[in-house]
Amino acid sequence: MLFAGLAACAHYPLNQQSEIFNNDAGYRFNNLNDEDNSDSLFICLAFSGGGTRAAAFSYGVMDELFRTKIVHNGVEKSLLDEVDCISSVSGGSFTAAYYGLFAEQLFADFRTEFLEKDIQGAIGGRVLNPANWFRLASPNFSRIDIAAELYDEEIFKGKHFGDLQDRGRPFLILNATNLESGARFDFTHLHFDAMGSDLENYPVARAVAASSAFPILLSPISLENYPRASGYSPPWWYDGALESLHSGRYRYQAAKDLSYYFDKDHKYIHLMDGGLADNIGVRGIYHAFSRGFIRTRINDNMIDRLVVIVVNAATDPHEKLSERESPPDLLEVATKTATISLDNYSIESITLMVESLRQRVQAQQDLTACQDILDQNCPDPPDLPTFGNMIDPYIIEINFAGAAELEGEDPDYYLNLPTSFNLDHQQVERLVNIGPRLLRSSPQYKCLVEVIEAEAEGRPRPAECEVGAGIAGF
Amino acid sequence: MEYLVVRYYRRRNVMIKDQKVGFTNGLIELEGGSYTIKLSLPPNYRPSSRRVVLQNTSPLNPKTIRFEPI
Chain A
215 MLFAGLAACA HYPLNQQSEI FNNDAGYRFN NLNDEDNSDS LFICLAFSGG GTRAAAFSYG
275 VMDELFRTKI VHNGVEKSLL DEVDCISSVS GGSFTAAYYG LFAEQLFADF RTEFLEKDIQ
335 GAIGGRVLNP ANWFRLASPN FSRIDIAAEL YDEEIFKGKH FGDLQDRGRP FLILNATNLE
395 SGARFDFTHL HFDAMGSDLE NYPVARAVAA SSAFPILLSP ISLENYPRAS GYSPPWWYDG
455 ALESLHSGRY RYQAAKDLSY YFDKDHKYIH LMDGGLADNI GVRGIYHAFS RGFIRTRIND
515 NMIDRLVVIV VNAATDPHEK LSERESPPDL LEVATKTATI SLDNYSIESI TLMVESLRQR
575 VQAQQDLTAC QDILDQNCPD PPDLPTFGNM IDPYIIEINF AGAAELEGED PDYYLNLPTS
635 FNLDHQQVER LVNIGPRLLR SSPQYKCLVE VIEAEAEGRP RPAECEVGAG IAGF
Chain B
3 MEYLVVRYYR RRNVMIKDQK VGFTNGLIEL EGGSYTIKLS LPPNYRPSSR RVVLQNTSPL
63 NPKTIRFEPI
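Protein chains in written order, with the numbering used here: chain A, 215 to 688; chain B, 3 to 72.
Note that these hints are calculated values from the structure, not bench results. There's no promise every hint is true.
As the list claims (entries may be wrong) - These stretches of chain B come out as covered by chain A in the derived footprint (C-beta under 8 Å, 3 or more residues):
no., stretch
1, 10 to 23
2, 30 to 38
3, 61 to 70
To be verified - What follows is a list of derived Cβ distance ranges for each label pair:
no., chain 1, residue 1, chain 2, residue 2, range
4, A, Lys470, B, Ser60, 56 to 62 Å
5, A, Val289, B, Pro49, 41 to 47 Å
6, A, Phe688, B, Ile67, 19 to 25 Å
7, B, Ser51, A, Asn245, 26 to 32 Å
8, B, Lys22, A, Asp530, 41 to 47 Å
9, A, Glu233, B, Ser51, 28 to 34 Å
As the list claims (entries may be wrong) - The calculated lysine to any residue pairs, modelled on SDA-like cross-linking and capped at a C-alpha distance of 20 Å, are:
no., chain 1, residue 1, chain 2, residue 2
10, B, Lys19, A, Tyr559
11, B, Lys40, A, Asp453
12, B, Lys22, A, Ser444
13, B, Lys19, A, Asn236
14, B, Lys19, A, Gly445
15, B, Lys65, A, Thr510
16, B, Lys40, A, Ser444
On a predicted model such as this, the values are computed, not experimentally measured, just so you know. Backbone N, C-alpha and C fix where the C-beta goes; we use that ideal spot for every residue, glycine too.
Isolated chain B (complex conformation) (with noise of 0.2 Å):
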């Protein structure tokens, strides 16, 4: 398994396609690979996705990404 961390300022759900997989700020464990990340609603976050590749992380040394409120 690989860690993720999704941040924002505040607690939304954090979404592949249309599963719910995780929340933002808390770790999150998926299995290896490419996956575009987005946000639950509402669309008032930017970038409107993320596409991430999980590999060779490790729950000290998550992969993070950000979105920013618009």
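If we strip away everything but chain A, and leave its shape as in the complex, we get (with noise of 0.2 Å):
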């Protein structure tokens, strides 16, 4: 009687509401101190899910960043100083998220707090504790309470959003998935307005769970759909969207998923690892590009060079499916059905974002053309509409697959690396290492490198760096 009192008792912590709408308020992009970070030079990281593996190789690469120096408007800094996003999903998240919370402190302890750690070890040896049995037994309390419990003791340090907007840019998007909607869903007030809750005091460690939380072997973090707060108005590119099917079709989508959140008949969200919605991070940023805080930005003639690099953790096992005449088990058709299409998908993201980016180069360099051959040919040529200023895009995805360029390097050790979060030394390291060379090795990272060296000391962009250049190749 008693333990089944006590079981009924645990609950997992419930987001709180927030009674009040303020937009100028709470961890918001607009609301971050930007002092020492551009928008002129904007950058957006994209890291994939992928556990450990995807945790060291996002580690790796924002280690490089940190060691590239560069002269921007004058001041010396490194890039890493002009990220003002990151997009994560999974174990990218406990990067992005270490880095929010502690910056540069990422690169003394996030190996020792987390990458070399046995964490499901971890999660599994407090599941295994009967001090937990009791609270296990609830209904409403699960395996992934555990986990976040963990991260928010060990790794996060009880740190909150809150604590993210005092630390100011990079802004970050952590992704996970509305189980019932199939949607991605991000910690953002995007949808914590929508659901009428406090996202401030809402624990990081709790969001990276709900976006690592691996299906079967983790159980969904839960929300609960607060009515929305006094004062609420959905955010500008809303109001039409869900007229606009057929003229707009992703801005639709995004107000249809967004309209989830308004019906507070869907009292309770339960959200899984980002990965099965987008599992390489890029949405976050094409929203943020489409229609938030980036597409402001630009249409404010705020960003002149505007960069994503997509930290790609994706493997590629040896399958021997093909070599067996009886055809796969229940098991097999399980896992390649889950991800065919979270690789197919990353694909089409990654597509959606170039073509996008294409398309304003396209329209940049049409308008120039065509101004020029009206002021060469018409004696009172009229001023075609143009934008603000120009902007120079880069798309510069690094993947395991790069390493086949790589001296002295094989692809196939990384492709088939497990998804896990315990990986040993030696995994860790090559990891760890792999990231910044296939970052240095990208065509479009070294002209994105050279263009601001160039602009620095006053030279012509080097000519097989023309605009354009950055998004070429794909």
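From these two lone chains plus the hints, build me the complex, please.
This is the structure in structure tokens:
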């Protein structure tokens, strides 16, 4: 009886209700201190899922950005200082959140605090600890809550989203998946305002736990969907979006996904690994580009150079299905069913981003060329409408297949690494080291660094790095 | 993306709800679909707003709307 009573008491920590909506307060991009980080060079990172493999890979890339010195607007800084946002999934969310909270302490602590720890063993140990059994017997407390407690105590030190605001940029987009709707969910005010929920007092550890809640092995993180706060107004792009199925399909879908939270019959939101909706983290950046803080800055002529660095830790393990006469078993079919769609969607996400930027570059070039023709051929040439400034975009994707171009590296080693929160020292070491090498070997990254350098020195940009070179090759 | 030009006799911010989305007389890049467009304060222009549907536009053939000073 006592056990049953104690079990019934255990409950996952609930998100708190927000009574009043204030668009000028809270953890929002526009509210972050940007004194040392310009908008003219606007950099967003996308960290894929993949357990510790993804966390180590993204950590190595951040280290390279930290070591790369640039002069921008006359100020010497690192490229990492210019990172404005990070959109992350699953394992990548550990690196993103750690940097967001602790900045360069990442490079002192993160390997020992996370990368080289047996995190899944630690979770298992807590689950098997009899002291937790009465809590786990409750229908409102489960394995993911044990994991979130571990992350909160040992990695993120009890920090909340309000602590992220105090740190300033980069703005974090920690991605999870709404298990009922199947749509991407991010821990930003976009969703929390729609849910009438406070974000600033929500533990970062629980957001990372949701982002990395691997199906079956872990359970969902749950949130309460409260009535909308007094004064709430949907974002500017929402009005008219639901009438725009045939004229703005992506905007329509974004509005449909957001309106899910306006329906308060959806009283509880259950979230799982962000990889189910987007395993590469690019969709959060695409949302900001299409209708969020990147779009408003582009249209306000604040961005000259837009850079998206995608750190893709996807694997491609050796398969033996085609060597067997008998068809795959149920588990193999289930695994392939999940991963096939993840990989296909990741390719489509990057392509969408590239094509959107290519459209902008083409528009800039066409307008310039047409104006030149008018100026050359018309006695009183009209002025065509123009953009306020020309954008120089870059998409830099690094992945393990690229190791084939590096001397002494074997891509198969990385492509066959497990998805796990327990890697050995050598695996972590190699992952941390390969990221910088892959980044430096990227033609788009080389152009970015060379163009920034040329600009700082007052030289013309290299001929092979003309505007558009940053999105060539996809 | 679609393209919009909002003509006005002088430079003003172009607004959708309370969000500045660009400037008058320049190309504004937005997703397709229906929007209600206004200018920034003071409200000394007419009409007070315009509803547009952005589709099938191009940089050389943007949707063009006008406001007039009162």
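For each hint, the structure was consulted:
Counting residues of the stretch 10 to 23 of chain B whose CB falls under 8 Å from any CB of chain A gives 6; the rule of at least 3 is met. Residues of the stretch 30 to 38 of chain B with a Cβ under 8 Å from some Cβ of chain A number 9, which satisfies the need for three, so the listed coverage holds. Beta-carbon proximity to chain A at under 8 Å applies to 3 residues in the stretch 61 to 70 of chain B; the threshold of 3 is reached and the given coverage holds. Taken as a hint, the range 56 to 62 Å is violated for the pair Lys470 of chain A and Ser60 of chain B, whose Cβ atoms sit roughly 27 Å apart.
Roughly 46 Å separates the CB atoms of Val289 of chain A and Pro49 of chain B, a value that falls within the hinted 41 to 47 Å. In this structure, Phe688 of chain A and Ile67 of chain B break the distance hint of 19 to 25 Å, their C-beta atoms being roughly 35 Å apart. For Ser51 of chain B paired with Asn245 of chain A, a C-beta distance near 28 Å keeps the hint of 26 to 32 Å intact. Between Lys22 of chain B and Asp530 of chain A the Cβ separation comes to about 45 Å, which falls inside the hinted range of 41 to 47 Å.
Between Glu233 of chain A and Ser51 of chain B, the C-beta spacing of about 31 Å keeps the proposed range 28 to 34 Å intact. Simply put, Lys19 of chain B and Tyr559 of chain A have alpha-carbon atoms about 33 Å apart, too far for the 20 Å limit, and the pair is violated. Taken as a hint, the Lys40 of chain B and Asp453 of chain A pair is honoured in the structure, with Cα atoms around 14 Å apart against an allowance of 20 Å. For the hint pairing Lys22 of chain B with Ser444 of chain A, the CA-to-CA distance comes to about 23 Å; that exceeds 20 Å, so the pair is violated.
Restraint check for Lys19 of chain B and Asn236 of chain A: satisfied, since their Cα atoms lie roughly 15 Å apart, inside the 20 Å limit. For the hint linking Lys19 of chain B to Gly445 of chain A, the alpha-carbon distance of about 14 Å falls within 20 Å, and the restraint holds. Taking the CA atoms of Lys65 of chain B and Thr510 of chain A, the gap is about 19 Å. The hint holds against a cut of 20 Å. Of the supplied pair hints, the one linking Lys40 of chain B and Ser444 of chain A is violated, its CA atoms being roughly 25 Å apart against a limit of 20 Å.
Against the hints set out earlier in the document, violations occur for numbers 4, 6, 10, 12 and 16.
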